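Number of protein chains: 2
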Amino acid sequence: MSKLIECIPNFSEGRNLSIVEELADTAGSIPGVTLLDHSSDANHNRSVFTLAGSPDGIQEAALKLAAKALERIDLTKHTGEHPRMGAVDVIPFVPLRDAAMEECVEISKKVAERIASELNIPVYLYEESALNPERKNLAAIRKGQFEGMADKMKRPEWSPDYGGRTPHPTAGVTAVGARMPLIAFNVNLNTPDVNVAKSIAKIIRGSSGGFKYCKAIGIKLSDRNIAQVSMNMVNYEGTPLYRVFEMIRTEARRYGVSILGSEIIGLSPAKALIDCAEYYLGIEEFNYKKHVLENHIWQ
Amino acid sequence: MSKLIECIPNFSEGRNLSIVEELADTAGSIPGVTLLDHSSDANHNRSVFTLAGSPDGIQEAALKLAAKALERIDLTKHTGEHPRMGAVDVIPFVPLRDAAMEECVEISKKVAERIASELNIPVYLYEESALNPERKNLAAIRKGQFEGMADKMKRPEWSPDYGGRTPHPTAGVTAVGARMPLIAFNVNLNTPDVNVAKSIAKIIRGSSGGFKYCKAIGIKLSDRNIAQVSMNMVNYEGTPLYRVFEMIRTEARRYGVSILGSEIIGLSPAKALIDCAEYYLGIEEFNYKKHVLENHIWQ
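If you read the protein sequences in the order shown, they are chains A and B.
First residue of the first sequence? That's 10 in this note's numbering, and the numbers climb one at a time after it.
First residue of the second sequence? That's 10 in this note's numbering, and the numbers climb one at a time after it.
Check before you lean on any hint, since a few could be wrong.
Because identical chains cannot be distinguished in the list, a pair is counted as satisfied if it fits within a single copy or across any two copies.
Below, in silico cross-link-like pairs of lysine-lysine (DSSO-like), each with a Cα-Cα straight-line distance of 30 Å or less [what the hints assert, rightly or not]:
1. Lys86 with Lys73
2. Lys77 with Lys163
3. Lys299 with Lys221
4. Lys163 with Lys119
5. Lys73 with Lys163
6. Lys298 with Lys229
7. Lys298 with Lys12
8. Lys211 with Lys12
9. Lys299 with Lys73
10. Lys163 with Lys298
11. Lys298 with Lys118
12. Lys12 with Lys299
These aren't lab readings, by the way, just hints derived from the structure by calculation.
Computed from a predicted structure; not experimentally measured.
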C-alpha cells in the first residue's frame with residue numbers, strides 16, 4: 010500500500026452549485042488525487058470536499074483549489090450560518106494510510122507558504138501545525154470572522170504565520186493545518202428556535218464544560234425552518250457519537266423539543282458508527298478488530 | 010487480491026476447552042488458511058470456528074477438522090441447549106473475496122464426498138448446495154437431532170446425499186453446504202424463563218410468520234440463569250439486526266421482561282452494524298459506500 014493523505018478543504022460557497030462543480034472539476038484534474046466526496050449546504054453556505062492522494066498530489070490539489078476559490082468566491086458578498094474568514098476557509102491534512110502526522114504538518118507548512126506567496130492570502134497554521142498553543146484551536150483564529158479580520162490582524166498576537174497583515178480583499182484569510190480525522194456530525198431539532206440549538210451546543214461542547222472532544226455550535230436551517238446542533242467530533246473514541254446524540258436528546262426535552270435526525274458530512278471511520286451500534290444493541294464483550302469481518306479480509 | 014473462501018464449522022463441544030484447543034491447533038496448521046475466530050458456549054455446548062483461506066486450503070482444513078472432531082467428540086455423551094446431529098454438526102462455505110457462490114457449492118460437494126468416504130460420516134448437502142428444496146433448510150435436516158437420526162435416515166426421503174443410511178455411532182451426521190454470509194446474533198433476556206425466549210423466537214422467525222430472513226430459537230443459559238433468543242440472520246439487508254432487536258424488546262414487554270444485552274458470535278460484516286447506527290442515530294440520507302471512510306481507502 011502506498012502513502013495516502015486526506016485533505017478536507019472547506020469552501021465558503023454552498024449555494025451557487027456551478028462554482029461547486031468548478032471546484033470539483035479542479036479537484037478531479039490532479040493526477041494521483043481522488044475526490045472522495047463533496048457536500049454543500051445552502052444554510053451554512055459552505056461546501057466540504059474530501060480528497061485523498063499521494064503527498065505530492067495532495068499539495069498540488071490544495072493549492073489549485075485555493076486558487077480556484079480565490080477566483081470564484083467573493084467573501085464581501087457572503088452570508089451564511091457557518092462562521093468563516095476565507096474563500097477557502099480551512100484546509101486540514103489528515104494521515105490516512107502509511108503516513109505520519111509529522112508528514113502532514115510538513116505538507117501543511119509547504120501549502121501555507123505557497124498560498125501566501127502565490128495567491129497573496131495570509132495563512133494561519135492551526136491544530137498540530139500551530140506554532141503556538143493559542144493557534145491550535147480554529148475557532149480562536151476565526152473569531153471575528155472575515156469582517157473583523159482586518160482589525161484583528163493588526164494586533165501583534167494575531168500576525169499571520171505566512172503572508173502580510175491584511176486579509177485578501179475578496180478571499181480573506183485561510184487556516185491550514187494537520188489534524189487527526191474528525192467527524193462532522195449534525196443533529197437536527199424539531200424547533201425553528203435557533204436559541205435551543207445554541208443552548209444545547211454550549212452544554213455539550215468541551216470548551217464550555219461539555220464533552221472534551223466535541224466542538225459544537227447552534228445554527229438555523231432556514232430552508233427547513235429548523236435549528237441544528239452542528240458538531241465536529243475530534244476524537245470519536247474519547248467522545249462517541251451516541252453519547253452526544255443522547256445528551257442532545259436529553260437536553261432538548263427541557264424545551265419540549267425532540268430530535269428529527271442527524272447528518273454525517275463527508276466521511277466517518279467505520280468504527281465510529283459501529284461503536285454506536287454496539288451501544289444501542291448492547292452487544293456484550295464486543296471487540297471491533299475481532300468481530301468485524303472486514304478487519305480480517307483487508308489485512 | 011487472491012480468492013478467499015470462508016468456512017464456519019460448528020462443533021458439538023463447548024465445555025471441554027482442551028478439545029476446542031486441539032481443534033484450533035488443527036485449523037492453525039493448514040497452509041493458506043487462517044483461523045479468524047473461534048467462540049465456545051457452555052450452555053449451547055457448541056463451538057463456532059471461522060476460517061478463511063484459498064479454495065484448496067479451506068477444503069483441506071474442513072476435512073482435517075472433521076477428522077479431529079470425529080476423534081475427540083462423542084455425541085452419545087453430548088447434552089446442550091443447541092440442536093445438533095453431528096460431532097462436526099454443520100460446515101458452511103461462504104464466498105468472501107473474488108469467489109463465486111458456484112465455487113463454494115463445488116467445494117462443499119468435494120468436502121461432503123470425502124467426509125462420507127474417508128470418515129464414514131453420512132452427509133446432507135444444504136442451502137445453496139442442496140439437491141432438492143426440502144434440504145435447503147438446515148433445521149429441517151437436523152430435526153430429530155442425533156438421537157433421532159438412525160430412524161429418520163431409514164425413510165427414503167431422508168437418505169443422505171453422501172454415505173450410508175446409518176449415522177456414525179459417535180460422530181452422527183454432518184450437513185455441508187454453501188451459503189451467503191450470516192450473522193449469529195443472540196439477545197439475552199432478564200428472565201430465567203426459557204418459555205419467554207421460545208415464544209419470542211416463534212414470533213420473530215420467518216418460518217412461523219416473523220421476519221423473512223431471521224431464524225430463531227429460544228434457549229436457556231444455565232450459567233447465568235437467563236433465557237436467550239438465539240438467531241441466525243441470513244440476510245441482514247432484508248432483515249436488519251436493529252429491527253429484530255426492537256421487536257424482541259417490544260414482545261418481551263408483554264412478560265415484564267427487558268433485554269439485558271446481545272452477542273455477535275463469530276464475525277459480522279461492517280455494514281450490518283453500521284445500518285444499526287444509521288437507524289438509531291437517525292442519520293438522514295446516509296450512504297454506506299459514500300460516507301464510510303474505509304470504502305474509499307481499500308478500493
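These are the hints, each one checked on the structure:
For the identical chains of this complex, lysine 86 and lysine 73 are intra-copy neighbours only, at 22 Å inside a copy versus 73 Å across copies, given an alpha-carbon limit of 30 Å. When the C-alpha separation of lysine 77 and lysine 163 is checked against a cutoff of 30 Å, the pair qualifies only within one copy, where the shortest distance is 27 Å, while the shortest distance between copies is 79 Å. In the homo-oligomer, the alpha carbons of lysine 299 and lysine 221 lie at most 30 Å apart both inside one protomer (28 Å) and across protomers (28 Å), since each shortest distance falls under that limit. Proximity of lysine 163 and lysine 119 under a CA criterion of 30 Å is satisfied intra-copy only: 24 Å inside one chain copy versus 79 Å between copies.
Taking the closest pair of Cα atoms, lysine 73 and lysine 163 come within 30 Å of each other only inside a single copy of the chain (29 Å); across copies the shortest separation is 77 Å, beyond that limit. Taking CA atoms no more than 30 Å apart as the test, lysine 298 paired with lysine 229 passes between copies only; the shortest distance there is 29 Å, against 39 Å inside one copy. For the homomeric pair lysine 298 and lysine 12, the shortest alpha-carbon distances inside one copy (22 Å) and between copies (22 Å) are both at most 30 Å. In this homomeric assembly, lysine 211 and lysine 12 never come within 30 Å of each other (Cα to Cα): the closest approach is 38 Å inside a single copy and 52 Å across copies.
Taking the shortest Cα distances, lysine 299 and lysine 73 sit within 30 Å of each other only across copies (24 Å), while inside one copy they are farther apart (42 Å). Neither within a single protomer nor between protomers do lysine 163 and lysine 298 lie at most 30 Å apart by alpha-carbon distance, with minima of 51 Å and 46 Å respectively. Taking the closest pair of Cα atoms, lysine 298 and lysine 118 never come within 30 Å of each other, the shortest separation being 35 Å inside a single copy and 32 Å across copies. Taking identical chains as interchangeable, the C-alpha atoms of lysine 12 and lysine 299 lie at most 30 Å apart whether they share a chain (26 Å) or sit on different chains (21 Å).
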